[in-house]
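Asks: Each chain, written out:
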Amino acid sequence: MALAISREDTQVLLHGKNVLQESTLDKYRSAGQITQSGLKFVTKLINDSYHTGNARRLAIHEICLLADSFLVACLESSFKTKVAERGISHPTTIDVDEVASGWCPELDDVEQLRSANKQIEESGSVSGCRRCVDGYLAPGDVVKISLGVHIDGYTAQVSHSMVIFPTDEGEDGKKKPTGPLLGAKADAYAAVHIAMETVISLLACALTPEKMPRSLSSGGQVTGHLIRTVVDSIAASYHCVVIPGSKVRRVRRFLAGQNEGIVAEREYKGVAWYESHQELALLQKSAESTKDLVAVKSSNRHNSSAVPTDDFTVTPGEVYVVDLQMVPLDGIAPGLVTLENADNFSGKSHKADQLVARPGAYVRDFAHSHTLKLRASRQLLSKIDKQGVYPIKLSHLSDTFPIDVTAAETSQIEAISKDLKLYRLGMSEILNNFLAIPNPIRIAKCIPWEKIMSTANPAGSHGMDAIERTLPGQELPLPRLGVSSLKLRSLLKYAVSVPVVRQSSTVVLCTGDVVSSGKSELLRLSGGNKTCPPSWIHSNYQLNKEEDIVQGIFQLAELSKDKRFGLSVRETQPLKKETVSTGFTSNTTTQDVEMA
Amino acid sequence: MTYVFTCNACLIQFRSSDQQRYHMKTEWHRYNLKRKLAQLGPIPADLFAEKVQLSEKEKELNQVDEFGFPILKSKDSQYNQKKSSSVKTKLKKKRGRQFDNVEVSRNHARSVSPAVSVTSEMSKMSLNSTDFDDERSYGNGFTTDSNSEYHSSDYETSEIEAGEDEGTEDEGTEERPSATDCIFCTAEHKDIERNVSHMFRSHGLYIPEPSFLIDLPGLLDDLIDLIVIANRCLCCSFQGTSLESIRAHISSKSHARLPYETKEERAKFSQFYDFSLADNNIHDKEEESDTRVTGDDADADVAAITPDDTDTAHSSLTVDMNSNYALAEVDDTGVELTLPTGVRAGHRSMRRFYRQNLPLPPDASDGNRTLAVGDRRFLGGVTDKTIRKNDKNVHQLERQSINRKIRTETRRSNFQTHFRDELLQ
Amino acid sequence: MPSKNSINRPKQQININRRTQSLAKKRDAMEKAGLLQPARSAESSKSGLARSVPIDLYKGEGLTAGPLTTKTLSKKRAKKIERNLKYAEQRKLLVDVQKKSEDSMELDQVKKIEPTKTPLERVKAAFFKAMEDTTSSGLVLENGSGTTLGGPFFP
Numbered sequence: 001m002a003l004a005i006s007r008e009d010t011q012v013l014l015h016g017k018n019v020l021q022e023s024t025l026d027k028y029r030s031a032g033q034i035t036q037s038g039l040k041f042v043t044k045l046i047n048d049s050y051h052t053g054n055a056r057r058l059a060i061h062e063i064c065l066l067a068d069s070f071l072v073a074c075l076e077s078s079f080k081t082k083v084a085e086r087g088i089s090h091p092t093t094i095d096v097d098e099v100a101s102g103w104c105p106e107l108d109d110v111e112q113l114r115s116a117n118k119q120i121e122e123s124g125s126v127s128g129c130r131r132c133v134d135g136y137l138a139p140g141d142v143v144k145i146s147l148g149v150h151i152d153g154y155t156a157q158v159s160h161s162m163v164i165f166p167t168d169e170g171e172d173g174k175k176k177p178t179g180p181l182l183g184a185k186a187d188a189y190a191a192v193h194i195a196m197e198t199v200i201s202l203l204a205c206a207l208t209p210e211k212m213p214r215s216l217s218s219g220g221q222v223t224g225h226l227i228r229t230v231v232d233s234i235a236a237s238y239h240c241v242v243i244p245g246s247k248v249r250r251v252r253r254f255l256a257g258q259n260e261g262i263v264a265e266r267e268y269k270g271v272a273w274y275e276s277h278q279e280l281a282l283l284q285k286s287a288e289s290t291k292d293l294v295a296v297k298s299s300n301r302h303n304s305s306a307v308p309t310d311d312f313t314v315t316p317g318e319v320y321v322v323d324l325q326m327v328p329l330d331g332i333a334p335g336l337v338t339l340e341n342a343d344n345f346s347g348k349s350h351k352a353d354q355l356v357a358r359p360g361a362y363v364r365d366f367a368h369s370h371t372l373k374l375r376a377s378r379q380l381l382s383k384i385d386k387q388g389v390y391p392i393k394l395s396h397l398s399d400t401f402p403i404d405v406t407a408a409e410t411s412q413i414e415a416i417s418k419d420l421k422l423y424r425l426g427m428s429e430i431l432n433n434f435l436a437i438p439n440p441i442r443i444a445k446c447i448p449w450e451k452i453m454s455t456a457n458p459a460g461s462h463g464m465d466a467i468e469r470t471l472p473g474q475e476l477p478l479p480r481l482g483v484s485s486l487k488l489r490s491l492l493k494y495a496v497s498v499p500v501v502r503q504s505s506t507v508v509l510c511t512g513d514v515v516s517s518g519k520s521e522l523l524r525l526s527g528g529n530k531t532c533p534p535s536w537i538h539s540n541y542q543l544n545k546e547e548d549i550v551q552g553i554f555q556l557a558e559l560s561k562d563k564r565f566g567l568s569v570r571e572t573q574p575l576k577k578e579t580v581s582t583g584f585t586s587n588t589t590t591q592d593v594e595m596a
Numbered sequence: 001m002t003y004v005f006t007c008n009a010c011l012i013q014f015r016s017s018d019q020q021r022y023h024m025k026t027e028w029h030r031y032n033l034k035r036k037l038a039q040l041g042p043i044p045a046d047l048f049a050e051k052v053q054l055s056e057k058e059k060e061l062n063q064v065d066e067f068g069f070p071i072l073k074s075k076d077s078q079y080n081q082k083k084s085s086s087v088k089t090k091l092k093k094k095r096g097r098q099f100d101n102v103e104v105s106r107n108h109a110r111s112v113s114p115a116v117s118v119t120s121e122m123s124k125m126s127l128n129s130t131d132f133d134d135e136r137s138y139g140n141g142f143t144t145d146s147n148s149e150y151h152s153s154d155y156e157t158s159e160i161e162a163g164e165d166e167g168t169e170d171e172g173t174e175e176r177p178s179a180t181d182c183i184f185c186t187a188e189h190k191d192i193e194r195n196v197s198h199m200f201r202s203h204g205l206y207i208p209e210p211s212f213l214i215d216l217p218g219l220l221d222d223l224i225d226l227i228v229i230a231n232r233c234l235c236c237s238f239q240g241t242s243l244e245s246i247r248a249h250i251s252s253k254s255h256a257r258l259p260y261e262t263k264e265e266r267a268k269f270s271q272f273y274d275f276s277l278a279d280n281n282i283h284d285k286e287e288e289s290d291t292r293v294t295g296d297d298a299d300a301d302v303a304a305i306t307p308d309d310t311d312t313a314h315s316s317l318t319v320d321m322n323s324n325y326a327l328a329e330v331d332d333t334g335v336e337l338t339l340p341t342g343v344r345a346g347h348r349s350m351r352r353f354y355r356q357n358l359p360l361p362p363d364a365s366d367g368n369r370t371l372a373v374g375d376r377r378f379l380g381g382v383t384d385k386t387i388r389k390n391d392k393n394v395h396q397l398e399r400q401s402i403n404r405k406i407r408t409e410t411r412r413s414n415f416q417t418h419f420r421d422e423l424l425q
Numbered sequence: 001m002p003s004k005n006s007i008n009r010p011k012q013q014i015n016i017n018r019r020t021q022s023l024a025k026k027r028d029a030m031e032k033a034g035l036l037q038p039a040r041s042a043e044s045s046k047s048g049l050a051r052s053v054p055i056d057l058y059k060g061e062g063l064t065a066g067p068l069t070t071k072t073l074s075k076k077r078a079k080k081i082e083r084n085l086k087y088a089e090q091r092k093l094l095v096d097v098q099k100k101s102e103d104s105m106e107l108d109q110v111k112k113i114e115p116t117k118t119p120l121e122r123v124k125a126a127f128f129k130a131m132e133d134t135t136s137s138g139l140v141l142e143n144g145s146g147t148t149l150g151g152p153f154f155p
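Residue numbers (this note's numbering), protein chains in the order written: chain A, 1 to 596; chain B, 1 to 425; chain C, 1 to 155.
Be aware that a few hints might be false.
[Unchecked claim] From chain A, some residues computed to sit far from chain C (all C-beta separations above 10 Å):
#1 Ser-217
#2 Asp-232
#3 Asp-311
#4 Val-496
#5 Lys-576
[As the list claims (entries may be wrong)] Dumping the calculated EDC-like pairs for lysine to aspartate or glutamate here, alpha-carbon to alpha-carbon at most 20 Å:
#6 Lys-175(A) to Asp-310(A)
#7 Lys-451(A) to Glu-132(C)
#8 Lys-383(A) to Asp-274(B)
#9 Lys-17(A) to Asp-221(B)
#10 Lys-124(C) to Asp-48(A)
#11 Lys-190(B) to Glu-209(B)
Don't read these hints as lab results, they were simulated from the structure.
For each residue, glycine too, the CB sits at the ideal point set by N, CA and C.
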C-alpha cells in the first residue's frame, strides 16, 4: 500500500484505538443494537412472508436489499456527526442449506441465475442451490442470515440460522410449525447452538477465571486450545464437523476479518478451523502410532505474527467474534468437508448440481493500484474507495440506495437496476486488475477420504491456488497428505453437498472500569436467545455426560444461567424503534405474481 | 572666475583646499552625498539647516525611552545646555584643569567614533525622520562644524555638571548618602517617595513594577552602592573614576534607568520584588505587562512576545520576575523559529524549500490506514505462486549468466596469439 | 572474431580446429575405455606406464645401466613406499571381502528394503485404518432422549 504511516500512528491505529473505553464501548454497543435490529427485521420479514403469510412471499434478493436499506437507515441516526466512517460491515447474506456464505444476489442477478442454472435440481436433503436459483425459500430449509455494521470501525456482526417450517393452524387460529426439524440438519443445529453458548460462556470465564469449571481449567486461562477442544468435542457428540471458515477470533477496529485471505493481518489472534484440522483429527483417531506425523513444518513465507496459532490467551478488554459453522456427517461416506467457490463461468463441464452464480459482495484490495481505462470503472472505483475497507454490494453505491423500507416504490427498484448496469461494466475492469476481490459464494462439500487418498498426486504439494482465500500459513489444505488446494478442487467432482448451520456473534469482554455497574462482564453485541431464539429442532444425539469436557460444558451452562454468582453475560437489545415493513411487502403483490 | 576646488555633491566651489577639506567634513556635505547616491539633487546650505531644525524639534517632541515612555528632560539640564554655548569660553578658562585628564581619556575613546555614529544617525534622520532611537545624538544643535562642536559641548556639559557637583563631592565619597538623597545629583529630600519622584522627573529613573516592589529602600541602597560607592554605571560597563564622572556619564548618556529587560537583568533586582503577593489578580497584572511589552517591542525583537493562553496558565504556577516572558525557540538546525503562539518562522536561506508547492499526501481514512498497518503482506498483490516462480527464474538466470561467462572466458583466452600479462596491460 | 558469414573468416583454421577436436574427443573416449594401450613388444615393457625411479630402486628392477649410477633412494622414501604398498594390499583385501559378501548373502537384502516407508505412506495407512475403525464403530445407538431446542412458535 502506498500509504506512509508513521510509527506513532501505527501504534495509535493498532493499539491505542483498540483500548476498550466507554466511548469505544458506546460505539460497539450502538453497532450491536443496529445489528440486532437488522436481524430482527430480517427474521420478521421471513416469518411474515413464509410462515404467517401476513405478507407476500419475498425473494431472497429483495430481503437482502430491504435489510441493507434498513441497516443504513438505522445508521443514519446514530453517531451522525461524531464519527467519520460508519456503514455496513457485512452486507446481508441469506444462505440456504449447503451454501455456507456469501449469497447476496443483486436485483439484476435473478434473470441470469435462472438462465444459467436451468438443469439444477434438488438433490436429496440439501436444496440450497435450487433455492438460490429460484430465489424463494421453502419449508425444511435452514436459512443462515448474516449481517453486520460498523461505527467508526468498531464492528458488530451476526449470523443466525433459522428453519423454514411447514405451517398449520393452531388452536387460536394462528399459524404454527407442524413439528420440529429432525434429522441431520437438526443435529448440526443443536451442535452449533450449544457450541456457541459454550464458547461465549468460556470467553466470559476469561473475565472471572476463578469461576472456570475445574474440568476445563487449563491453568486458569482461556486459551485457543481450550476453545478448539470444546467446540470439537461438541461437534463430535452430534456427529458433526466444524467446517473451514469457522473461527473464534479477536477483532480490532477495522480489522474484523472482513478481508481474511486478502490481508495478512498482523498479530492475528484466534482459532480458525481448516481442512487440516479434520485431517489431523482423523490421524489421531487412527490406531497407528502417528505422533511424529502430526507435526507440520510451518511455512516460512510469512510473518509469524500473521500465522494463526492456538497458543494465545483470551484477555479482558478484547472483542471476539465467534463464528461457528458445522455440517452433519450422518448418512454420508466419511470424507473431508471443504468449501467450493461458486463462479459464474458458463460452458465448463460441470455437474448438474453445480451452481453458476457471481458473487454479490466485493472487498476493495487497497494494496493494488492501477489506472483504469474505462471512465465508468474509474468512477465506480472512487465510489468504492469512499465506502472504506468493508465488503460492499454494488447496489449500495447507487444514489437511490437506501430504499424506503416502509414504503418502497417500484421506481426506486428500477433506478437501482439501471445503476447496476453501469456498475457491472466498470466492475469487470476493476476485478480483472484485482483492485477489488469478490467475496466468494461458498458451498459446503464433502469429498470421501477414499477418493482423496487413492488419487494420483504427482505434483505433490507444489500446486498453489492463487484465488483461494486462506489465512497465511494455511495455503496447503492437507499438509500431511501433501494435497494442494488445486488438487482438492479437482476432487470436488466426487463430492456431495452437505447442509451448513451457522451461528456467529460478536462479544466484548468488558473490564470493570468501562461498564456502569463497575463489575466486569461480557457484552454480547449480537445474537443471543432474546433477539434470535433457536428454531424448533430435535436431534437424536446428546452430550455424553460422562466425559470430562461435557461436564465442564454443563457447568458453564449452569454458571451462565446463574445471575448472582455465575458469569455475567449481557445481550445487546435491538433498537426500540418500531419498524413496520408492510409497505413494500404488501402493496406490490402484483409484482410478486409477475416474478413468480 | 573659476576655482579648482569644487564639491560635486553640493555643486559649490572653494577658493582653497583647506576650505574644501573643511567642507567635506560637514554634515551638509554628507547629507548631499546621500542624496546624490539616492539620485536626488543637492540642497543648499540654508535649506539643510532648516531641515535639521525641523527634525530636531520633532525629535524633541517624540523622544521616548526603550519602554515607549516620553523622556522628561530636567529643565535645568536644558538650561545648562543653552547656557553652555554662551558661557563656554569663560567656563573653560575658569575651571576644568583638575578634570582634564578624565575627560581627555573619554575624548580619546570617542574621537574615533563620532563621525561614523553621527553619520548613521543623520542618514536615519533624513530618510526616516520619525525614527529616533538615541536621544544623545543631537543634543547639541546642528552646525556645519559638528565635529568640534560635538566634542566641546560634550566636554562642557560634563564639566558643568562636574562643577556643580564639586561642592558635594567630598562628602559623597566619604560618607554614604542616605536613601532620601538623590543618587544622580546633590538634591536632598524629606522622604524616599519624594526622592523617587524627583529622580523620576529630573533624571528619568523609572522603577519598574512598583506595585510588586516590597523593598524600595533596599533597591535604592543597592543603587547607591553601585553608583555612588562603586562608581559604576547601571546600563553599561562604564567605570567612573569618581562620583562626578559617573554622574556626568549617567546624565550625558541618559543611563539613569534600571535595565529590566532580559532575564538576567530581572534576576538582579528580583530580591526587592515579591510577585507572589498578588496571586489573586495576577492575570490582570500580566495582561497589563503583556500589553506593555508588546507596545515596546512589536517591531523590535522576537525575544519578548506576548505569551499565549497556555503560557499564562503555565506562568500562573511559576510566578516570578520573569513570568511575563515567553521565549521564542530556535530549533536545532537553526533555521526554524517557533513563536510561543505556535507560529513557526523559517529562515530566509531555506526559502527555496518553503516555497515549493508539494501536493499534500492523500488523506486516507482511518480504515485504510488501519488496514495498511495491519497488513503484513510482503508486497502488494504478490501471491506465493508468483514469488516462487520469480525465485526460480532468478536462480535460472543467475546460473545461465555464470555459465555464459565461463564459456566465453575460456574461449576468449585462446584468441590471443601471444601471452599477455594482464598486470602489464 | 569474424562472424560466420564474414569474408575473411579463417575457414581453414576452423576446419582444422574442428577436426582436431573431434579426433581428440575420439581419442579421449578410446583412452577412457582402455583401448589405447600401446602394443607391447615384451611382457616386461613399461613404456606408456607411470614410471617411478624410487619404486624401481625399491624393487630392485631395471638397474641394468652398469655399476655407476646417479639414481638414489633415500631411507625416508623407502619407508614411505613400504607403507604405501601395505595400504594397497589392504585395499585389495577389502575389495575381495565386499565382492564375497555381495555374491553370497542375497537373501538378507530384500528384508532391508521393506521398512523404508515414506511419511506419506504412513499417513495414508493410518487414515485407512482410522476409516475402518469409524465405519465399524459407526452404529452406536444413542439411548438418550436427544436434544430439543426451541418450541412450536416462530422466533
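Asks: Could you run down the list of hints and mark each one as holding or not?
Replies: Okay, the hints, checked on the actual structure:
A cut-off of 10 Å between C-beta atoms confirms that Ser-217(A) is not in contact with chain C; the least separation is 26 Å. The claim that Asp-232(A) is not at the interface with chain C holds, since no C-beta of that chain comes within 10 Å of its own (minimum 15 Å). No Cβ of chain C comes within 10 Å of the Cβ of Asp-311(A); the nearest lies about 24 Å off, and the non-interface call holds. Distance check for Val-496(A) against chain C: the nearest CB is about 17 Å away, which clears 10 Å, and the non-interface claim stands.
The Cβ of Lys-576(A) sits about 19 Å from the closest Cβ of chain C, beyond the 10 Å cut-off, so the non-interface label holds. Among the hinted pairs, Lys-175(A) with Asp-310(A) is inconsistent with the structure: their alpha-carbon atoms are about 47 Å apart, more than 20 Å. The straight-line distance between the Cα atoms of Lys-451(A) and Glu-132(C) is roughly 15 Å, inside the 20 Å bound, and the hint therefore holds. A threshold of 20 Å between alpha carbons decides the hint, and for Lys-383(A) with Asp-274(B) the separation of about 66 Å lies outside it, so the pair is violated.
With a CA separation close to 63 Å, the supplied pair Lys-17(A) and Asp-221(B) exceeds the 20 Å bound. With a C-alpha separation of about 52 Å, the suggested pairing of Lys-124(C) with Asp-48(A) is violated against the 20 Å cut-off. A hinted pair counts as satisfied when its Cα atoms are at most 20 Å apart, and Lys-190(B) with Glu-209(B) does not qualify at roughly 24 Å.
In summary, the structure is inconsistent with hints 6, 8, 9, 10 and 11 from the numbered list given earlier, while agreeing with the others.
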